[in-house]
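Visitor: Sequence:
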Amino acid sequence: MQKIASHIKNPSKFNKASKLAVQLIQAGSVKPETIDHFYAILEAAMLSPISCHDASLRSDYHALFSAAQDASEMLNKQQKNWLNVWAIRAVVANDLYTDDSFVFSKASGRIKDMILSLPVATEEEDAEEAAALKDEKDAANGKFQSNQDAIFSDQTGEGPTKEECDPFGLDALIANGPKKDEKAKEKKGREEEEDTKRFRK
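Position 116, counted from 1, in the sequence shown is what my numbering calls 119; the numbers after and before it change by one each time, with no gaps.
Calculated from the structure, these hints are not laboratory results. Incorrect hints may have been included.
Claimed, not checked - Beta-carbon label-pair distances, calculated as ranges: (1) E132 - G31: 40 to 48 Å; (2) N144 - G112: 24 to 32 Å; (3) P52 - S15: 17 to 25 Å; (4) H40 - L136: 37 to 45 Å; (5) K19 - H56: 17 to 25 Å; (6) Q5 - D116: 32 to 40 Å; (7) N84 - K109: 18 to 26 Å; (8) A133 - T101: 36 to 44 Å.
Beta carbons: idealized from backbone N, C-alpha and C, even for Gly.
Using the sequences plus the hints, can you model the full thing?
Guide: Structure, rendered in structure tokens:
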């Protein structure tokens, strides 16, 4: 099983390794004494969170995690929870990549049922979430305030110097810009006057 776990990480070897893992489940080789090794196979398969959605691997992931449900009663609570999360990604989410409306509808229904089966948040959890959101808001306000302080510090005389604001001297170039435009207009005006004089002659 350890060899399968090492090969299943590699996308090019995933196909064969996942089929061997499914055969282990079907043959009844996954027992309480080997369940940790089998869990290591599943964990290795899900090291990359996006590989299970690769078009060439979807069906293999689907088969592996569908079969893994048969061995779930031997897992401890934490391992079962992870298996459920992985099954959502490898089985249910991959069912959404179909052009069959029946399969898509069935997968959508399963997702809806999962959402509805989530436990209702307790008052303690709500309070924890509110505190976390408040901390995030305070941190964001602190960053905003420090940015505002930096912007308005020049009003108090502690702001950046003129050289710091314009290290390349672009303000001077921009200030000289209209003069060049005026010179170009004057030159163009003179050329037009000369053209009209020539035309009259």
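Visitor: Taking the hints in turn, state whether each one holds.
Guide: Verification of the supplied hints:
1. In this structure the supplied range 40 to 48 Å holds for E132 paired with G31, their Cβ-Cβ distance being about 44 Å.
2. A beta carbon spacing of about 42 Å between N144 and G112 contradicts the range 24 to 32 Å that was offered as a hint.
3. In this structure the hint that P52 and S15 lie 17 to 25 Å apart at CB holds, the actual value being about 19 Å.
4. For H40 and L136, the Cβ-Cβ distance of about 42 Å falls inside the hinted range of 37 to 45 Å, so the restraint holds.
5. Taking the beta carbon of each, K19 and H56 are about 20 Å apart, inside 17 to 25 Å as hinted.
6. Judged by the Cβ atoms, the range 32 to 40 Å given for Q5 and D116 holds: they are separated by roughly 36 Å.
7. Here the CB-CB span from N84 to K109 is close to 24 Å, well matched to the stated 18 to 26 Å.
8. At roughly 40 Å, the beta-carbon separation of A133 and T101 lies within the given 36 to 44 Å, and the hint holds.
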